[in-house]
Structure formats: structure tokens, C-alpha cells
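K.L.:
Sequence:
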Amino acid sequence: MLRTITLCMLFTVGAFASAFLAPGGNDAFVGSFRMEMHTYKNGKEDKHSPVNIRFWSRADMILYELVMPGQAQQMRMLTDLRGNWSYTLIDDGQGGRTAMKMKRPEPTTVGSAKGEQPKITVTKETKVIEGHNCTKVIATSKEGTWTAWAATGLRNAFIDMARGMDGQAAQQNRYARTDVEGFPLEYEWVPAQGDERVVCFIKDLVVGKVDETLFDLSGYQLMELPSFAMPQR
Numbered sequence: 001m002l003r004t005i006t007l008c009m010l011f012t013v014g015a016f017a018s019a020f021l022a023p024g025g026n027d028a029f030v031g032s033f034r035m036e037m038h039t040y041k042n043g044k045e046d047k048h049s050p051v052n053i054r055f056w057s058r059a060d061m062i063l064y065e066l067v068m069p070g071q072a073q074q075m076r077m078l079t080d081l082r083g084n085w086s087y088t089l090i091d092d093g094q095g096g097r098t099a100m101k102m103k104r105p106e107p108t109t110v111g112s113a114k115g116e117q118p119k120i121t122v123t124k125e126t127k128v129i130e131g132h133n134c135t136k137v138i139a140t141s142k143e144g145t146w147t148a149w150a151a152t153g154l155r156n157a158f159i160d161m162a163r164g165m166d167g168q169a170a171q172q173n174r175y176a177r178t179d180v181e182g183f184p185l186e187y188e189w190v191p192a193q194g195d196e197r198v199v200c201f202i203k204d205l206v207v208g209k210v211d212e213t214l215f216d217l218s219g220y221q222l223m224e225l226p227s228f229a230m231p232q233r
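Per our numbering, residue 1 is the first one in the sequence shown, and the count goes up by one each step.
Calculated from the structure, these hints are not laboratory results.
Not one of these hints is a red herring.
The list that follows gives simulated cross-link-like pairs (lysine-lysine, DSBU-like), each with its CA atoms no further than 30 Å apart:
no., residue 1, residue 2
1, K41, K142
2, K142, K44
3, K127, K142
4, K203, K124
5, K209, K103
6, K119, K142
Could you put together the complete structure from these sequences and hints?
P.N.:
Right, here's the structure in full:
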């Protein structure tokens, strides 16, 4: 299930990321939302579905949390884009809070994106989701088919999610370019092989403001870890 979700996330970011934005840019997504991801196998929803990813973003920091059903311990990932640090924030639910700090690898420059680029089709189909006008977009590749309803009037937060990724996934997606605009509020991912699929809904969307206290590390026991260079292919 997690492999399918991960592949879906990478494809989503890759299909929509038009550039790797510098921290502090005026066009960065500021706000928050929850991604509700339903996974299916053999036509039936998985036992541990849905999985939720909560996301908060400001111009220089990104925070996200993977919420699994029945999970007691809270773990969040914080990326400081300006200082180029990653933090793993762990709250044991009993008053113990730890922040593991690691320097992020310096970005490298590549000439162009590697691998197959998805074929993007922007249709004329539209519908309204949570008051936002959305256009149907279809992306296909050898990995599978991705169908989304993108709100054309909203800044695409997935571009900013790519800024917070580390390692090879970030390198592969940061240079992907398409002419697609908007923020996908609903999408479905169907792999080319296998009998799994993922359906995602964006919930609790707030645009233009975010709770600044969420990025505050006060009260955390800070541990700095050595950083390891991630090999790029």
C-alpha cells in the first residue's frame, strides 16, 4: 500500500511541478490542507485505508505529517528551506518531544529531467469542488494513468511539496516542466500493472494563512545528526 501511495505522490508532484522554487519566493504556497488517500486492491478498499497526510506551508518552511489509522505516536517532517535543514519531529504523546536535525544535501544542477515525461491532456470537462472551478487533467506514462480535477484559480501546493523532498526523488521532480496550472483537489492513480489504485481528496484547505506556532521548535529536545550525501543518478 505504501509503495503505491509513494509512487502516486511522486507522479503527482512530477506531473505538476513546473519549477523548483527558491525559498522566500512571493509565489510560494502559503496555507494548509489534508490529503485523504484511499487505497484499493482487487476492487475493495484496504483495511488501513484511508491514510491522511497533513500539510502546512509558508514561504521558507514546510511541515507535513503522515497519519496512519491506529497510530499513537505523532511524527512530523519539517523542512527549513532558507537554512537548508530537515527536522524529524517526534511526540510520544506523553510529554516527550524530540527534534532530530540533519543538514540537507546541497542541490545539484542537471541539464534536463531524466526518464519518461508523462503525456498531459487538459480536457474541457469542468466541475466545482468546494467552491473552486476545476478542470479535468489526465496524465499517462508507462507507470500508469493519473486523472485529476485541478482548481485553475489556486496556487499548486504540490510544487512546494517538491521543495521539501530530499534525495533522488527531489532531483527527479524538481526539473519536471508542464504547461498545467492549478491545484488538483481530487485525483485518481491507476498503475499500469497490478490491481491497486489510489483516490485522493484535498480536505480542510486554507489558502493565504497558516498557524505560525506549528513551525516553532520550542519545547523540543534537539539532536543534530550527521548528514549523508544522497547519490544522484
